[in-house]
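Using the supplied hints, reconstruct the complex from the two chains, each of which is provided in its own coordinate frame.
Taken in order, these protein sequences are the chains called A and B.
Residue numbers for the first sequence follow the numbering used here, so the first one is 351 and each next one is one higher.
Residue numbers for the second sequence follow the numbering used here, so the first one is 14 and each next one is one higher.
Among the clues, some could well be false.
Straight-line distance between alpha carbons at most 25 Å, and here's what the computed SDA-like set of lysine to any residue pairs gives [unchecked claim]:
no.: 1; chain 1: B; residue 1: Lys168; chain 2: B; residue 2: Leu222
no.: 2; chain 1: B; residue 1: Lys92; chain 2: A; residue 2: Leu509
no.: 3; chain 1: B; residue 1: Lys16; chain 2: A; residue 2: Glu457
no.: 4; chain 1: A; residue 1: Lys444; chain 2: B; residue 2: Gly32
no.: 5; chain 1: B; residue 1: Lys92; chain 2: A; residue 2: Asp460
no.: 6; chain 1: B; residue 1: Lys171; chain 2: A; residue 2: Gly387
no.: 7; chain 1: A; residue 1: Lys475; chain 2: B; residue 2: Ile34
no.: 8; chain 1: B; residue 1: Lys92; chain 2: A; residue 2: Leu520
no.: 9; chain 1: A; residue 1: Lys475; chain 2: B; residue 2: Phe26
no.: 10; chain 1: A; residue 1: Lys444; chain 2: B; residue 2: Leu19
no.: 11; chain 1: B; residue 1: Lys228; chain 2: A; residue 2: Asp460
Sample of chain A residues facing chain B (criterion: CB under 10 Å; computed from the structure) [said to hold, decoys possible]:
no.: 12; residue: Phe400
no.: 13; residue: Asn431
no.: 14; residue: Asp435
no.: 15; residue: Lys444
Derived Cβ-Cβ restraints for the label pairs, each shown as a range [stated by the list, open to error]:
no.: 16; chain 1: A; residue 1: Lys375; chain 2: B; residue 2: Ile123; range: 57 to 63 Å
no.: 17; chain 1: A; residue 1: Val458; chain 2: B; residue 2: Ser48; range: 51 to 57 Å
no.: 18; chain 1: A; residue 1: Val458; chain 2: B; residue 2: Val177; range: 45 to 51 Å
no.: 19; chain 1: A; residue 1: Asn471; chain 2: B; residue 2: Lys168; range: 31 to 37 Å
no.: 20; chain 1: B; residue 1: Ala85; chain 2: A; residue 2: Glu469; range: 33 to 39 Å
no.: 21; chain 1: A; residue 1: Asp364; chain 2: B; residue 2: Ile22; range: 37 to 43 Å
no.: 22; chain 1: B; residue 1: Leu172; chain 2: A; residue 2: His544; range: 37 to 43 Å
Honestly, the hints are just simulated from the structure, not real lab data.
For each residue, glycine too, the CB sits at the ideal point set by N, CA and C.
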Amino acid sequence: MIEIRNLSFARGNDLIFKNISLEVKHGEMMVLKGANGQGKTTLLSNILNFLDPLEGEIIYDGRVIDNATSSKYFLYIGENNFAYDELSLNDNIKYWLAVHNVNFSQEVRDKSIKFLFDELNLNKKFYQLSYGQKKKLQLLLLMLVNKPVWILDDPFNGLDNKTIEKIIILLTKKLENNGLILISSHQDVLTLEHKIFQL
Amino acid sequence: MIKNVLKLIKNEFLLMLRGSIFTIVLFSLLLIASSIFSLAIRNITYDIEITIAFLWIIIFFISLIKVEKVYANDFSEAKLQQYILSPFALEIIVFIKNIMIYLNLIFVFIIFSPLILIILGIKLSYLIPINLLLILSLLSIIFISSMTASITISKNNKLSITSVLTLPLFVPILIFSMALTEIVNFQISKLYLFFIAYFLLNLAFSPLLTSFALKRLSV
Numbered sequence: 351m352i353e354i355r356n357l358s359f360a361r362g363n364d365l366i367f368k369n370i371s372l373e374v375k376h377g378e379m380m381v382l383k384g385a386n387g388q389g390k391t392t393l394l395s396n397i398l399n400f401l402d403p404l405e406g407e408i409i410y411d412g413r414v415i416d417n418a419t420s421s422k423y424f425l426y427i428g429e430n431n432f433a434y435d436e437l438s439l440n441d442n443i444k445y446w447l448a449v450h451n452v453n454f455s456q457e458v459r460d461k462s463i464k465f466l467f468d469e470l471n472l473n474k475k476f477y478q479l480s481y482g483q484k485k486k487l488q489l490l491l492l493m494l495v496n497k498p499v500w501i502l503d504d505p506f507n508g509l510d511n512k513t514i515e516k517i518i519i520l521l522t523k524k525l526e527n528n529g530l531i532l533i534s535s536h537q538d539v540l541t542l543e544h545k546i547f548q549l
Numbered sequence: 014m015i016k017n018v019l020k021l022i023k024n025e026f027l028l029m030l031r032g033s034i035f036t037i038v039l040f041s042l043l044l045i046a047s048s049i050f051s052l053a054i055r056n057i058t059y060d061i062e063i064t065i066a067f068l069w070i071i072i073f074f075i076s077l078i079k080v081e082k083v084y085a086n087d088f089s090e091a092k093l094q095q096y097i098l099s100p101f102a103l104e105i106i107v108f109i110k111n112i113m114i115y116l117n118l119i120f121v122f123i124i125f126s127p128l129i130l131i132i133l134g135i136k137l138s139y140l141i142p143i144n145l146l147l148i149l150s151l152l153s154i155i156f157i158s159s160m161t162a163s164i165t166i167s168k169n170n171k172l173s174i175t176s177v178l179t180l181p182l183f184v185p186i187l188i189f190s191m192a193l194t195e196i197v198n199f200q201i202s203k204l205y206l207f208f209i210a211y212f213l214l215n216l217a218f219s220p221l222l223t224s225f226a227l228k229r230l231s232v
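Just chain B, same shape as in the assembly (with noise of 0.2 Å):
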């Protein structure tokens, strides 16, 4: 059985790997969208929060479009069928793609935060720091993503829009994330923990309710 989980993180990498171009794509975007804040602020004086409110804005963004975009195309009805009837709980292969997801994502914004900090005007000692919330974050924002994902995908459209009952969860990330930038220098935090308590609540019940919503609606 594990050498079969190997397996299967095996191919999900795989998988992960040639969905890296779809990620790059927004990632793109990300880069026409802050050179686009960046002009239009040009001649404001603003504080560092701004910029990066936006920044995590477009991120969250981003994730969700992922997340969407993998659980439609990896969760239609046939390959559902099959993941219901392996051997493996849903919840274990839910799991490994939210993960895979998370360490594409990451991957790509860590080869792109240099860029983006320098055309957000953001100063270039903050990398490090905003790479460690965001590793922090976009766990549980991933996690968070795949509930409201398998609601929306479900072929009952009307039930589709309850997805955004899940929409308030984000809140706290968002929160915890700008108080982190009014700490002098992102100083190391009893904060940063928040991230971790959160990714922990989350990974107690986002896999069973992502893969109860998927057996239930996209079946």
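If we strip away everything but chain A, and leave its shape as in the complex, we get (with noise of 0.2 Å):
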């Protein structure tokens, strides 16, 4: 479970958010509300351990979450993509696997890239791609790094309707098999029943 409590966050001299306080337990998502510049980005940050609030706390399972919990238990797709522009897809996919120390055989690779792909040259350099199948390969992540909590920004924002379909699938998987989702989003996508949280 993750909970908040009385956090504040403040950028120089402006407050960005005060007293916030939310409960997400495991099994639930909760989706994250507010216009652009509200803070919805920043709490998602100080959740994960990314800023220091400038009060209150953030609790996961009762541990307050530092560097080793994130890393340990968080899984997090942000709005800006990770992958380097000069590898290819096939060496990006590899690359970000390695740096989540994620072990897959060759068949689950592929099985995970057509559920989300359908067909696709692996060997496009990534700057080939456009920006939905660029956002596709961070979402791959969400398939192939098994961690208790995804937090993810803006997910759907550049996605066409059969892929957030799939990635809807996806979340209800996780759901069903207990994790915990924290969503940040604009659109009213979802279908899943699901905690909101406006900031």
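Right under this line is the structure:
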């Protein structure tokens, strides 16, 4: 369970949010809503321990979140792409799976790639892909990196309906497996049961 | 875990090879700068120390530019977030990247060095000592440059200026490099041990400080 108690965050003299408290249990999904600049991404960054809050605390399964906790339990897919433009799609997949210390057989990897991409030349350089395809590569980690908590920042942005449906299938499976999902999103595409937190 | 560290090294090596074009461009600029330097002082009698000092300063700048470029690309916010969430310590990733930058620069320098020495009018008998000196000193230069780069690429522009604080760390390398050139034919001397010792010292704190600066300033 992620528990946020009286969290406030400021950048310089700008108070981004104040006294936020929320709770998300395993098997639940929470969607953060709010206009641009309300601090959705900043809140996620606080949860991931990328940023230090001004006040308050964030607790995961009874422990205050630190670097070790976040790297062990959290998988984060942000808005910006992390892949290397100069590497092929295949090399990027291998590289980022190695970074996350994941080993998969070629068969499992191919199956996951096929699920998200249908048909794709894996030898294509990353910069040759469209925005949507680039986004899919990031989301591929959801299928291959096994961590109990998914933190997703605007995951549906730039995706077609067919891919959104596939992501919803992944989210459903995650919740069935007692995973915990935190999403920030502008789009109302989620057909799954979820909590909403308005910033 | 070891299997994935090896995969990581292999992929970093791939990235390093792809980045070689930029290193070649930098060393081509060194060739041009060396030609201009030689032409400018063609009528002056000078000792080898002046030429070596020129070479060292240019290589120092090349290393800084290369490290800066790699860090700006490889530690952009999105990539850095994934590295932080990786089971590997960021220090390990910083270390692997630094070593790859080092190999890249050394490899290209070894290829270019005979030409550079000819242009600068340095005897080719100095080729091996100069390469050896560079192989030893560049390790420390890269690790110190990584600290500089991790601060300069930070989101906070005002803080970037603090990267100049790391510059004095380069001074001992330049001083000892010059001291070595004063020894006839760069004879094997205890001075070489300084570079190894200085590198070990840098190795102890540079990846820690670099990753600390990356975590605190660039996410």
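To see whether the hints hold, each was checked on the structure:
1. Between Lys168(B) and Leu222(B) the CA atoms are separated by roughly 17 Å; this keeps the pair inside 25 Å, and the hint holds.
2. The suggested pairing of Lys92(B) with Leu509(A) holds, with an alpha-carbon distance near 21 Å, which does not exceed 25 Å.
3. With a CA separation close to 18 Å, the supplied pair Lys16(B) and Glu457(A) stays within the 25 Å bound.
4. Among the hinted pairs, Lys444(A) with Gly32(B) is consistent with the structure: their alpha-carbon atoms are about 19 Å apart, no more than 25 Å.
5. This hinted pair checks out: Lys92(B) and Asp460(A) have alpha carbons roughly 24 Å apart, not beyond 25 Å.
6. Restraint check for Lys171(B) and Gly387(A): the C-alpha separation of about 23 Å stays at or below 25 Å, so the hint holds.
7. Distance check on the hinted pair: Lys475(A) and Ile34(B) sit about 17 Å apart at the alpha-carbon level, within 25 Å; holds.
8. The straight-line distance between the Cα atoms of Lys92(B) and Leu520(A) is roughly 23 Å, inside the 25 Å bound, and the hint therefore holds.
9. Distance hint between Lys475(A) and Phe26(B) is fulfilled; the C-alpha atoms sit about 17 Å from each other, no more than 25 Å.
10. Annotation: proposed proximity of Lys444(A) to Leu19(B) holds, straight-line Cα distance about 12 Å (limit 25 Å).
11. Taking the CA atoms of Lys228(B) and Asp460(A), the gap is about 34 Å. The hint is violated against a cut of 25 Å.
12. For Phe400(A), the interface hint holds, the least distance from its beta-carbon to any beta-carbon of chain B being 4 Å, beneath 10 Å.
13. Checking Asn431(A) against chain B: minimum C-beta separation of about 6 Å stays under 10 Å; hint holds.
14. Proximity of Asp435(A) to chain B holds as hinted, the smallest CB-CB distance being about 9 Å (cut-off 10 Å).
15. Because the closest C-beta pair between Lys444(A) and chain B is about 6 Å apart, less than 10 Å, the hint holds.
16. Taken as a hint, the range 57 to 63 Å holds for the pair Lys375(A) and Ile123(B), whose Cβ atoms sit roughly 59 Å apart.
17. A hinted range of 51 to 57 Å holds for the C-beta pair Val458(A) and Ser48(B), which are about 56 Å apart.
18. For Val458(A) paired with Val177(B), a C-beta distance near 50 Å keeps the hint of 45 to 51 Å intact.
19. Checked against the hint of 31 to 37 Å, the pair Asn471(A) and Lys168(B) passes, with Cβ atoms roughly 36 Å apart.
20. Look at Ala85(B) against Glu469(A): about 35 Å separates their beta carbons, and that is inside 33 to 39 Å.
21. Judged by the Cβ atoms, the range 37 to 43 Å given for Asp364(A) and Ile22(B) holds: they are separated by roughly 42 Å.
22. For Leu172(B) paired with His544(A), a C-beta distance near 39 Å keeps the hint of 37 to 43 Å intact.
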